[in-house]
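Take these sequences, add in the hints, and give me the full structure.
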Amino acid sequence: MTVIGWLQIILFCVIVLALTKPLGWYMTRVFNGERTFLSPVLRPVETGLYRISGVDETREQHWLTYTVAMLLFHVGGFLIIYGLMRLQGVLPFNPAGQGAVAEDLSFNTAISFITNTNWQNYGGESTLSYLVQMVGLTHQNFLSAATGIVLAVALIRGFARASMRTVGNFWVDVTRCTLYILLPICIVYTLFLVWQGMPQTLGDYVEAATLEGAKQTIAVGPVASQVAIKMLGTNGGGFFNANAAHPFENPTALSNFVQMLSIFVLGAALTNVFGRMVGNQRQGWAILAVMGVLFVAGVAVCYWAEANGTSTLQALGLSGGNMEGKEVRFGIVASSLFAVITTAASCGAVNAMHDSFTALGGMIPLINMQLGEIIVGGVGAGMYGMLLFVILAIFVAGLMVGRTPEYVGKKIEAREVKMAMLAILILPLLILGWTAVAVVYPTAVASMANAGPHGFSEVLYAFSSQTANNGSAFAGLTGNIVFYNLTGASAMFLGRFFMIVPAMAIAGSLAAKKSIPPSSGTFPTTGGLFVGLVVGVILIMGGLTFFPSLALGPIVEHLAMNAGNVF
Amino acid sequence: MLREIRPAIVLLLALTAITGLAYPLAMTGIAGVLFPTQAQGSLIEKDGKVIGSALIGQEFKDDKYFHGRPSATVAPDPADSTKTVPTPYNAANSGGSNLGPTSKALADRLKEDVDKLKAENPNAAVPVDLVTTTGSGLDPHISPASAQFQVPRVAKTRGISEDSVKQIVAANTEGRLLGLIGEPRVNVLALNLALDKAAK
Chain A
0 MTVIGWLQII LFCVIVLALT KPLGWYMTRV FNGERTFLSP VLRPVETGLY RISGVDETRE
60 QHWLTYTVAM LLFHVGGFLI IYGLMRLQGV LPFNPAGQGA VAEDLSFNTA ISFITNTNWQ
120 NYGGESTLSY LVQMVGLTHQ NFLSAATGIV LAVALIRGFA RASMRTVGNF WVDVTRCTLY
180 ILLPICIVYT LFLVWQGMPQ TLGDYVEAAT LEGAKQTIAV GPVASQVAIK MLGTNGGGFF
240 NANAAHPFEN PTALSNFVQM LSIFVLGAAL TNVFGRMVGN QRQGWAILAV MGVLFVAGVA
300 VCYWAEANGT STLQALGLSG GNMEGKEVRF GIVASSLFAV ITTAASCGAV NAMHDSFTAL
360 GGMIPLINMQ LGEIIVGGVG AGMYGMLLFV ILAIFVAGLM VGRTPEYVGK KIEAREVKMA
420 MLAILILPLL ILGWTAVAVV YPTAVASMAN AGPHGFSEVL YAFSSQTANN GSAFAGLTGN
480 IVFYNLTGAS AMFLGRFFMI VPAMAIAGSL AAKKSIPPSS GTFPTTGGLF VGLVVGVILI
540 MGGLTFFPSL ALGPIVEHLA MNAGNVF
Chain B
0 MLREIRPAIV LLLALTAITG LAYPLAMTGI AGVLFPTQAQ GSLIEKDGKV IGSALIGQEF
60 KDDKYFHGRP SATVAPDPAD STKTVPTPYN AANSGGSNLG PTSKALADRL KEDVDKLKAE
120 NPNAAVPVDL VTTTGSGLDP HISPASAQFQ VPRVAKTRGI SEDSVKQIVA ANTEGRLLGL
180 IGEPRVNVLA LNLALDKAAK
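Protein chains in written order, with numbering that gives the first Met the number 0: chain A, 0 to 566; chain B, 0 to 199.
Wrong hints could be hidden among the right ones.
Here are a few chain A residues that sit away from chain B, every Cβ distance over 12 Å (derived from the structure) [said to hold, decoys possible]:
no., residue
1, Arg-164
2, Asn-279
3, Leu-493
4, Leu-532
5, Gly-542
Pairs of lysine-lysine residues, derived as DSSO-like cross-links and limited to a Cα-Cα distance of at most 30 Å, are as follows [claimed, not checked]:
no., chain 1, residue 1, chain 2, residue 2
6, B, Lys-45, A, Lys-214
7, A, Lys-214, B, Lys-196
8, B, Lys-60, B, Lys-82
9, B, Lys-155, A, Lys-214
10, A, Lys-214, B, Lys-48
11, B, Lys-196, B, Lys-48
12, A, Lys-512, A, Lys-410
13, A, Lys-214, B, Lys-60
14, B, Lys-110, B, Lys-60
15, B, Lys-48, B, Lys-199
It should be emphasised that the hints constitute simulated quantities derived from the structure, not laboratory data.
None of the values given here were measured: they were computed from a predicted structure.
Here a beta-carbon is modelled for each residue, glycine too, at the ideal position from N, C-alpha and C.
See below:
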């Protein structure tokens, strides 16, 4: 570890903190339906969309209607992607002549994109046409991100409102989120990325004759426009197979730094939106503090492990850390930092191959995902995931002192706690359940690229990533077989929607409750004690649930490595 | 609930048209005007022919050139399409080795490469990036240490002094942005082009 390395990490944290408040202010205005500086241009487009689709923007929805609208929207999104992938061979914008994608891979990819996972069983440049990349994937990058954000906003409204039956209008929220937040940032961001060297063209792959006279086919495409929303919307699905490690998908150290920022900004700003909507910004900062503690701890371990290298490298006298699967322009620090960020948020973009990380360095991304990606988290998904843990922590605190727990003026009762538990338990059920099935199914075992405990880690990582809707991988695992395509799709689908529906039920039940003013017996939820309590609940829950599986994978691998074993 | 079906169809199609077609196509048009070189892939031409991209590494085996990092990219086997063959720096199918920290295959490969490099230059420590696989398989850079390591070989093959090669390396070394962000690096293709140019 170096001083310059830590300075880069600190600079990153400072910029995220500085952006949280202004962006939170702007997003709150957007979701409250207020005018913004973009309204003169965008308001006519917005009202036009409502007119053609028959949406009455003044009519709010019950939580159940809101959820059904969201689900219908996703059914449509699924059909578009699946249809385009199956038919890409006969559709335009296909200069590389890619043929139809197989049924199971199309199914997996369609589920993957509507759930904001962007698991890559496909290899971008070798499988998909430009049309699929744009209309299929880019559009769903926007809409699955917008969905995550508006669901978090609906849950926040549940806390903020009192004695109301409605939580907002899904169509209005999605439209405003896309038009006022995602699209304007992406337009500026795309141009920045092209300036840094990212291609944005509909032209053919380039045939080059290299300096030594060999032939090199260079894949290009409309990359920048997709990468902008892939990062901002914490989607993470790469244009290219190597994702953000590919020099076209992440050309410079600066593009890398901005990409890391863009993964975190909207998620961090949502904590401020929460504070503003419940009437006390310190409530938002307390949540961000919980995230910050877990984040910095993860970065420290991952950076230390990668800078330390492996015993194989040390035995050969190679110093400078574990550079296997990393890129020179990013080095150890930006690769470790990126890995922690992308799994803390549910982004899943990678700028280095996680499969080649050290055992402990690769365990941090794994833990981040298993905790449900609540450290800033996927846009929106992290916020509602974190609020579920807050409900549990408040419940535990209530048990300790023997009073009905309250949070931001709402009584937390049996229904909320049951729903929170339901949502949180879906993670271990899918992750551990499917991993257990995979390791006794010979075809699934044959897909492992690495022998020994690392092979187990590959499978555990795959289901952790898909259930938590991350999308990064220990990519050595051959995921594109029927078994993983179907089990993975189920993990992504259930991991997303079985978390959302209970969260929305909580939103509805909270919105209907009266707001009670704080009294002398109210547990203060803006101080260090609260932050410590939530961190503790998260780590204990996660530790009890996942420690045994981690012990079989990364922990035993680390011990084996130190003992000089290779597999 | 039924009245949610119309927006589910119409709004989905409208937003798809905006974000999936209008946005990428408009960005393609604007980027092509503002940054035409980058938008096409930062291609380098020599005598009117494309010889590569400034951002994409290519394979160098000749002793007179600086070599890049090991690349694990593959291509479909021409003899059997269900198999793949190693094809370093295949820019149509990016990817890394994905070998883990306790992989025997990786340990063996590393030992072989380190021994080879030690034989080539026994006077310097082998830099780690010169023997580890790039994440994308297309890393255009090596560390300044890896460039220094290869100076004696390149100078000897070309029959020029090590100092003149070192000068060209120094001129092609990029530092950290603002002295802080990123890592010092040398673009291998740019360096080799500069060497060829100096030889003329």
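Here is what the structure says about each hint:
1. No Cβ of chain B comes within 12 Å of the Cβ of Arg-164/A; the nearest lies about 16 Å off, and the non-interface call holds.
2. Annotated as non-interface, Asn-279/A keeps its C-beta farther than 12 Å from every C-beta of chain B; the closest such distance is 34 Å.
3. For Leu-493/A, the non-interface assignment is confirmed: its Cβ lies about 22 Å from the closest Cβ of chain B, beyond the 12 Å cut-off.
4. Look at Leu-532/A: its CB is around 36 Å from the nearest CB on chain B, clear of 12 Å, so calling it non-interface holds up.
5. Every CB of chain B lies more than 12 Å from the CB of Gly-542/A, the least distance being 23 Å, so the non-interface label holds.
6. Taking the CA atoms of Lys-45/B and Lys-214/A, the gap is about 15 Å. The hint holds against a cut of 30 Å.
7. Between the alpha carbons of Lys-214/A and Lys-196/B the distance comes to roughly 22 Å, so the proposed pair stays at or under 30 Å and holds.
8. Simply put, Lys-60/B and Lys-82/B have alpha-carbon atoms about 25 Å apart, close enough for the 30 Å limit, and the pair holds.
9. The suggested pairing of Lys-155/B with Lys-214/A holds, with an alpha-carbon distance near 28 Å, which does not exceed 30 Å.
10. Annotation: proposed proximity of Lys-214/A to Lys-48/B holds, straight-line Cα distance about 12 Å (limit 30 Å).
11. The hinted pair formed by Lys-196/B and Lys-48/B meets the criterion: a straight-line CA distance of about 17 Å does not exceed 30 Å.
12. Of the supplied pair hints, the one linking Lys-512/A and Lys-410/A holds, its CA atoms being roughly 8 Å apart against a limit of 30 Å.
13. Taking the CA atoms of Lys-214/A and Lys-60/B, the gap is near 14 Å; set against the 30 Å cutoff, the hint holds.
14. For the hint pairing Lys-110/B with Lys-60/B, the CA-to-CA distance comes to about 19 Å; that is within 30 Å, so the pair holds.
15. Only pairs whose Cα atoms come within 30 Å are accepted, and Lys-48/B paired with Lys-199/B is accepted, the gap being roughly 19 Å.
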